[in-house]
Structure formats: C-alpha cells, structure tokens
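Given next are the chains, with one letter for each unit.
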Amino acid sequence: MTNMTAVITQEDQALFVRTKRKQRYKQFIKGILFLLPSIALFSVFLFYPLLRTIYLSFFLTDASGATTVFVGWDNFVTLFQSTIFQQSIKSTFLFVLYTVPLTIVISLFLAIIANEKLKGIGFFRTIFSSTMGISVAAASVFWLYLFHPTIGFLNIIMDTFGLEKVGWLTDPSWALIAVAVTTIWMNIGFTFLILLGGLQSIDKYLYESADVDGAGYFYKLRRITIPMLSPTLFFVVTVTIINAFQTFGQVDILTQGGPQNATNLMVYSIYREAFTNYQFGSASAQAIILFIIILLMTIIQFKLGERKVHYQ
Amino acid sequence: MRIPFGRKIVTYLLLIAAAFLVFTPTMMAVVMSFMTNQDIMTGSLPSAFSLDNYRRAFEQFPLLHYVINSFLVSIAIMIGQLILASLAAYAFVFLEFKGRDFLFYLFIATMMVPFEASIIPNFHTIRDLGWIDQYTGLTIPFFAMAFGTFLLRQNFKQIPKELREASQIAGMGDVKFYLKVVLPVAKTSLITLGVYGFLTSWNMYLWPLLATTNDNVRTVQIGLRQLQSQEQMNDWGVIMAGAVIVIIPTLILLFLGQKKLQRGLTEGALK
Chain A
1 MTNMTAVITQ EDQALFVRTK RKQRYKQFIK GILFLLPSIA LFSVFLFYPL
51 LRTIYLSFFL TDASGATTVF VGWDNFVTLF QSTIFQQSIK STFLFVLYTV
101 PLTIVISLFL AIIANEKLKG IGFFRTIFSS TMGISVAAAS VFWLYLFHPT
151 IGFLNIIMDT FGLEKVGWLT DPSWALIAVA VTTIWMNIGF TFLILLGGLQ
201 SIDKYLYESA DVDGAGYFYK LRRITIPMLS PTLFFVVTVT IINAFQTFGQ
251 VDILTQGGPQ NATNLMVYSI YREAFTNYQF GSASAQAIIL FIIILLMTII
301 QFKLGERKVH YQ
Chain B
1 MRIPFGRKIV TYLLLIAAAF LVFTPTMMAV VMSFMTNQDI MTGSLPSAFS
51 LDNYRRAFEQ FPLLHYVINS FLVSIAIMIG QLILASLAAY AFVFLEFKGR
101 DFLFYLFIAT MMVPFEASII PNFHTIRDLG WIDQYTGLTI PFFAMAFGTF
151 LLRQNFKQIP KELREASQIA GMGDVKFYLK VVLPVAKTSL ITLGVYGFLT
201 SWNMYLWPLL ATTNDNVRTV QIGLRQLQSQ EQMNDWGVIM AGAVIVIIPT
251 LILLFLGQKK LQRGLTEGAL K
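Heads up: the sequence lines are chains A and B, in that order.
Letter by letter, the first sequence follows residues 1 to 312 in UniProt numbering.
Letter by letter, the second sequence follows residues 1 to 271 in UniProt numbering.
Hints in this document: simulated from the structure, not taken from any laboratory.
Please note that the accuracy of each hint is not assured.
Partial list, derived from the structure: chain B residues whose beta carbon lies under 7 Å from chain A [what the hints assert, rightly or not]:
| # | residue |
| --- | --- |
| 1 | Ala19 |
| 2 | Val22 |
| 3 | Ala88 |
| 4 | Lys98 |
| 5 | Met112 |
| 6 | Ala117 |
| 7 | Asn122 |
| 8 | Phe143 |
| 9 | Trp236 |
| 10 | Val246 |
| 11 | Ile247 |
| 12 | Leu251 |
| 13 | Gln258 |
Not close to chain B: a few residues of chain A, all C-beta gaps over 10 Å, as computed [to be verified]:
| # | residue |
| --- | --- |
| 14 | Gln10 |
| 15 | Glu11 |
| 16 | Lys20 |
| 17 | Thr68 |
| 18 | Phe76 |
| 19 | Leu79 |
| 20 | Gln81 |
| 21 | Gln86 |
| 22 | Leu94 |
| 23 | Leu97 |
| 24 | Glu164 |
| 25 | Pro172 |
| 26 | Gly258 |
| 27 | Pro259 |
| 28 | Lys303 |
| 29 | Leu304 |
We put the CB at the ideal spot given by N, CA and C, even for glycine.
Just chain A, with the same shape it has in the complex (with noise of 0.2 Å):
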C-alpha cells in the first residue's frame, strides 16, 4: 500500500514537473510576442544607434557615414582642444543656469496664484498652460518678432523709455539670453501644469489644521507647500535641465547657432557637424559626451534628490 502510493507519486511528480515546465515555456513565449513590437523597435532604434555611435566616435568617415579610418580617441582629443566646441559646451551649460531656475520659479510662483479657489480660475489655468500646446517652430517664429532689431515689440518698447535699441540676435552678449528667455516661455505651460498638479494632490488637512494654529499664508508657503511638493519639484528639475541639454528648435530658427558661435549649444552642435560638414566621427563624439552629461545630471538629481526629497 505505502509502496503504491509512492510510485504513483513519483510519476505524478514527473508529469507535474513536466506540464509546469511547459506552461512556464508558454509563458516566456506569450510574454516575449506582447513585448517583441517595443522590444523590435528599441534595438533597431535606440541600443542599436546608441552603439553604433560609440563605435563610430572612434572613426572618421566619409560623407555618406562609412567609416574610413580608425583614429581610436582623437575625435575626443581633438574636441577638446577646439575652442569651438569648448564654447559650444561652455553655451550649453549657461543656457541650463539661465533656463532652470528661472522656469521653475516662474512656474512656482503661476501655480500658487492659480491654485487658489477663485472664479474664473479655469481661465487663467488655460492661459498659464497654453505654452505647452505651441510648437519650437512656432515658439521661436513668436520671439524672432518680438526681438526683430526696429520693428519688434521689444525694441519698440525699449525705445519708448528712452533706452538704446538691444540687437538680441546679433549682439554676441544677448542673443544667449534671448534664447534662454524665449525657452523659459515655451517651457512654462509643462511646467506649470505639472506642479499645478502637485499642489492639488495636497493634504487639505494640513492647511485646515495649520489654520487652526493661526499660521501665516507664508509660513503655510514656506512649512506645508514646498515640502509636501518636493517629489513634483525635483522630477520638473530633472526634465528641465534634460530638456536643456537637447534645445535644437530655438537655436535653428533664432540664430543658426550663432552670433560667433554664441548659441552654438551641443545639440545644435552634432547637427551642424553631422549634417553640413559630414564629420560624422566627430558629430558621433560629442554625442556620445552629450549622453554622458545627461546621465551623469540624471544620477546626480537621484542621488541629491533621495536625500532632500519628502515622501509622504
């Protein structure tokens, strides 16, 4: 008797294992078909082009992008040396400190006004927002009026308080900030409804029981909002200064990179040497440097911002 039982258990154990590794197999299938059309297309779109560029940094090519000869890490040398690109780098990282905070505070300061429980409020939300919805091209079309040297708005305006006239786009000095400034614009409305957002997820027991303590509408500000919105504010950061890192649009439209190279930001910069001058090899190294940046500030933010961040 305890003899049969055991046999049977045996086979049964078998099968068991049999039919489990089966269905386990048509799990791993069934799950690799819904993922294969994403999976497909981020090898032959994304991993696959990400190591090809490293690969061809190393290279210089021709114009049709085959490599020629293998020059191992003088494309990164001779980047570095180039004040050109040092002047491409040294743009870029300005153009992050003038559009990062700035955006930020700006959109701060709209989303507080514009989460108070007011009529009309939804009118004004809209209007905040409305920047999200306007292309780069359309954006920058905008601003390359409002900066035009004698009939745009600014200038106008400059004129009518008796200030001399600003050549935004040509002067070496100002043509940086005026993409910074047409930037922070366009960037307001993402901003701006995200951390609208923020706000809105907020405890409204917090606020009650400070009113009940008798605490100011700054101490409000300064103890319960900006605390509980630390997560939304350090995720805004993070794609903020991303975003920084790839404005193209602006620079195109606005200025082609220029006055002396003023606004020859990185993006601007691949694109100008891939796809004018055909120096793909380099074109690939400062992509490549390009990536590094990005994941660096993306680790960096994590690691900083773990530490400051309130959860609640």
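Once you have looked at the hints, place chain B on chain A.
Positioned in the frame of chain A, the structure of chain B alone reads:
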C-alpha cells in the same frame, strides 16, 4: 475656509498681470496674422482687419499639404504608441515569465538615452531602408515608448488580479482579456496618452527636419521654418498666419484635455 477679501484682490491682480505677460506673444501673433503688412512695418495699431495673410500663406506655400502630412504622421505615431505601450504594459502586469524584471529595467534604461545620442545612426538606417521622404521614416522610429508603457502599467495594476483569475476560469485567453477587459477599463489613460502622443508628434522638429528633403511628406513645423526663411523677415503677416495654423490643432486639444492631461502626466511622473 473663506479667502479674505484683500488677498482675493491681490491674487486676481497677480493672475491678470501674469496671464497678460504669458499670453502676449501668442496674442500678438494672432493679431498680426490679421493685419496688413503696412500696419506691421510701421508699428501702428491694426487699422484694418484682413484675411489676406491666410490666403497668401495657403496660395504661395503648400501649407494645406503640410497640415495634412502633420495630421497623418501624428495620428500614426499616436496609434502606434498606444498599441505598443499597452501590449508591453499588459505583459509587465498580467504575465509572469522569466526575464520579465530584466526587460522592465531595460525599458527604464531607454529613458536615459536622449534621442540626439542615436540620431546619426538612425538617419543612416532610415536612408538605407529608403525611408527618407516616406511616412514610415517619420513615424515608425517613435512607436516604442517607455514613458507610455509606465503610465499604462500604473493604470493596469489597479485592475484587480481576481478579475484575471475569474476570466481564466471562464476560459478567456490573454488576448481576449487584453482586448475585452483591460483596454476598456483603461480608456481614460489611453486617451491621456493619446493626446500626449499627438501633441509631441505634432510639435516634433529635429527628426522631420532630417527625414524630409522635399514637400512630399514634410510636416507643418518644417514648413513653417521654410516659410520663415524664404520670406526673409519681410512678410510678417504671412509668417504669423502660418504659425497660427500650426498651433491651432494643439491648442484646441490642450484646452479640451487640459485637466486629464495634467492628472495623467502627474500620475505617470510620480508613481
């Protein structure tokens, strides 16, 4: 808690001033698009209302053709993203298999790679496939989307596991469950993601600039660039009319879906 009267006034004043500042560039473009060129050049206030700029923008440029191209490209990308992201999100939530976590991290990793880092080989790939000046070249590279997958994954997770178990007992396969239960339940998120996908595709700039060399499939953004550089700063009315045409579809979409988009994006960003 009532807002005190004084603070109400101050808030309204701030709101109005801020709205004025934020909206001025857009408002000015709209007004200019209806002005005569003479009024613009002399910097005077509009003295006459004219549709002439729009007529000329459509007559002198294949603007309508660009607009249609942009619609086709944006809708194709939107649908492609929705299908691929929802399939992938389904696998990450409802299917259990070896290597799933690894693949999930791989998806996260894709968000770390800026498009610009892979743009050169991508251009060569498209060229070698003969996809330059083709809709395929403008759309297919953007179908796979990690952000959309995450957003939908968050949403699918809220569907009770018991529902899947019950459907399994009833003999419902994964494909049927995905089509009949998961997609309808996640309708709101799919719409949010769709709107987001359409907005970003419509506004795309660098890739359409590289992937189109003629008017065939050129999108309206690059058309506007063309318009602006050919007009050489003279005919601002026509340029602004073009720019207004470019922003109308996205502004309408944004105004209609602002609340949903805000909720959807905040959820995707923070969970």
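Going down the list of hints, with the structure as the test:
Proximity of Ala19 of chain B to chain A holds as hinted, the smallest CB-CB distance being about 5 Å (cut-off 7 Å). The criterion of a C-beta within 7 Å of any C-beta in chain A is met by Val22 of chain B, whose closest approach is roughly 6 Å, and the hint holds. Because the closest C-beta pair between Ala88 of chain B and chain A is about 5 Å apart, less than 7 Å, the hint holds. Contact between Lys98 of chain B and chain A, as hinted, is supported at the beta carbon level, the nearest pair being about 6 Å apart and thus within 7 Å.
A least Cβ separation of about 6 Å between Met112 of chain B and chain A falls short of the 7 Å threshold, and the interface hint therefore holds. A cut of 7 Å between beta carbons decides the hint on Ala117 of chain B: the least distance to chain A is about 4 Å, and the hint holds. Contact between Asn122 of chain B and chain A, as hinted, is supported at the beta carbon level, the nearest pair being about 5 Å apart and thus within 7 Å. Taking 7 Å as the C-beta contact cut-off toward chain A, the hint placing Phe143 of chain B at the interface holds, the least distance being around 5 Å.
Hint status for Trp236 of chain B: holds, given a least beta-carbon distance of 6 Å to chain A, under 7 Å. This hint holds: Val246 of chain B has a C-beta 5 Å from the nearest C-beta of chain A, less than the 7 Å allowed. With a least beta-carbon distance of about 5 Å to chain A, the hint placing Ile247 of chain B at the interface is held under the 7 Å criterion. About 4 Å separates the beta-carbon of Leu251 of chain B from the nearest beta-carbon of chain A, less than 7 Å, and the hint is met.
Against a cut-off of 7 Å between C-beta atoms, the interface hint on Gln258 of chain B holds, since the closest Cβ of chain A lies about 6 Å away. At roughly 26 Å from the closest C-beta of chain B, the C-beta of Gln10 of chain A stays outside 10 Å, upholding its exclusion from the interface. Its beta-carbon lying about 27 Å from the closest one in chain B, Glu11 of chain A satisfies the requirement of being farther than 10 Å from that chain. The Cβ of Lys20 of chain A sits about 13 Å from the closest Cβ of chain B, beyond the 10 Å cut-off, so the non-interface label holds.
The Cβ of Thr68 of chain A lies farther than 10 Å from every Cβ of chain B, with a closest approach of about 15 Å, so its non-interface assignment holds. With a least CB separation of 15 Å from chain B, Phe76 of chain A remains clear of the 10 Å interface cut-off, as annotated. Under the 10 Å C-beta cut-off, the non-interface status given to Leu79 of chain A relative to chain B holds; the minimum distance is some 15 Å. The non-interface label for Gln81 of chain A is consistent with chain B: the shortest C-beta to C-beta separation is roughly 22 Å, beyond 10 Å.
At the 10 Å boundary, the C-beta of Gln86 of chain A stays outside the reach of chain B, the nearest C-beta of that chain being 19 Å off. Chain B leaves Leu94 of chain A outside its interface by the beta-carbon criterion, the shortest separation being 19 Å against a cut-off of 10 Å. Listed as a non-interface residue, Leu97 of chain A keeps its Cβ farther than 10 Å from every Cβ of chain B; the least gap is roughly 19 Å. Every Cβ of chain B is farther than 10 Å from the Cβ of Glu164 of chain A; the closest lies at roughly 18 Å, confirming the non-interface assignment.
Every Cβ of chain B is farther than 10 Å from the Cβ of Pro172 of chain A; the closest lies at roughly 20 Å, confirming the non-interface assignment. Separation of Gly258 of chain A from chain B is adequate, the least Cβ-Cβ distance of about 14 Å exceeding the 10 Å criterion. The non-interface label for Pro259 of chain A is consistent with chain B: the shortest C-beta to C-beta separation is roughly 16 Å, beyond 10 Å. With a closest Cβ-Cβ approach of about 15 Å to chain B, Lys303 of chain A is found to remain outside the 10 Å limit, as its non-interface label requires.
Every beta carbon of chain B lies more than 10 Å from that of Leu304 of chain A, the smallest distance being close to 17 Å; the non-interface claim holds.
Of the numbered hints given earlier, the model fails none.
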